Amino acid sequence: MPLPALDADPTEVAVPWAVLTALGHAVNFATPDGRPAKVDEIMLTGRGLPLVGSLLRANRDARVAHAAMIGDSTFQHPLRWSDLAVDKFDGLILPGGHRARGMTPYLESAEIQRLVVEFFA
Numbered sequence: 010m011p012l013p014a015l016d017a018d019p020t021e022v023a024v025p026w027a028v029l030t031a032l033g034h035a036v037n038f039a040t041p042d043g044r045p046a047k048v049d050e051i052m053l054t055g056r057g058l059p060l061v062g063s064l065l066r067a068n069r070d071a072r073v074a075h076a077a078m079i080g081d082s083t084f085q086h087p088l089r090w091s092d093l094a095v096d097k098f099d100g101l102i103l104p105g106g107h108r109a110r111g112m113t114p115y116l117e118s119a120e121i122q123r124l125v126v127e128f129f130a
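Counting the sequence shown from 1 gives a position; this note's numbering is that position plus 9.
Treat the hints as calculated values from the structure; they're not laboratory data. These numbers come from a predicted model, not from an experiment. Any given hint might turn out to be false.
[Stated by the list, open to error] Label-pair ranges, simulated between beta-carbon atoms:
{"hint": "1", "residue 1": "L65", "residue 2": "K97", "range": "34 to 40 Å"}
{"hint": "2", "residue 1": "S63", "residue 2": "L88", "range": "30 to 36 Å"}
{"hint": "3", "residue 1": "S63", "residue 2": "G33", "range": "30 to 36 Å"}
{"hint": "4", "residue 1": "Q122", "residue 2": "G43", "range": "16 to 22 Å"}
{"hint": "5", "residue 1": "Q122", "residue 2": "S63", "range": "23 to 29 Å"}
{"hint": "6", "residue 1": "L101", "residue 2": "G43", "range": "28 to 34 Å"}
{"hint": "7", "residue 1": "R56", "residue 2": "L103", "range": "22 to 28 Å"}
{"hint": "8", "residue 1": "F128", "residue 2": "R44", "range": "21 to 27 Å"}
{"hint": "9", "residue 1": "G43", "residue 2": "A76", "range": "18 to 24 Å"}
{"hint": "10", "residue 1": "A109", "residue 2": "R44", "range": "18 to 24 Å"}
{"hint": "11", "residue 1": "A109", "residue 2": "G33", "range": "22 to 28 Å"}
{"hint": "12", "residue 1": "Q85", "residue 2": "P59", "range": "29 to 35 Å"}
{"hint": "13", "residue 1": "D92", "residue 2": "F129", "range": "25 to 31 Å"}
From the three backbone atoms N, C-alpha and C, an ideal C-beta is built for every residue, glycine too.
All chains should be built: construct the whole structure from the sequences, respecting the hints.
Here you go:
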């Protein structure tokens, strides 16, 4: 699961991780620099948007999944995007996000685009 360094949607990252690991699958994370990703705090907590934050934040199940995920060693020690190759993995999950500051480098990454093309091939 390649992630942007910042601003992925916590629900779109944590819920698939929780479901897949509960079913016994290994989930690997990757970030541009091999450091743990930081999800969009507004989407996680609702803080920062006084009028609508509580409506936008992740639901309880997603917040619980996120708390468990960030303690997992695979999340704490991600691969680098450049380490990803289609022959090393059985699947690809591309979580989304809402804030351009973190998502734009992810969406425009030649490494991620290459990986997606290879998986579709």
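Verification of the hints:
1. L65 to K97: 34 to 40 Å: Cβ of L65 to Cβ of K97: about 35 Å, so the range 34 to 40 Å holds.
2. S63 to L88: 30 to 36 Å: 35 Å Cβ-Cβ, so the 30 to 36 Å window holds.
3. S63 to G33: 30 to 36 Å: holds (35 Å)
4. Q122 to G43: 16 to 22 Å: holds (19 Å)
5. Q122 to S63: 23 to 29 Å: violated (36 Å)
6. L101 to G43: 28 to 34 Å: violated (18 Å)
7. R56 to L103: 22 to 28 Å: Holds: the Cβ-Cβ distance is about 26 Å, inside 22 to 28 Å.
8. F128 to R44: 21 to 27 Å: holds (24 Å)
9. G43 to A76: 18 to 24 Å: Given about 22 Å between the Cβ atoms, the range holds.
10. A109 to R44: 18 to 24 Å: holds (20 Å)
11. A109 to G33: 22 to 28 Å: Check failed, 36 Å falls outside 22 to 28 Å.
12. Q85 to P59: 29 to 35 Å: Holds: the Cβ-Cβ distance is about 32 Å, inside 29 to 35 Å.
13. D92 to F129: 25 to 31 Å: Roughly 20 Å apart at Cβ, these two residues miss the hinted range, so it is violated.
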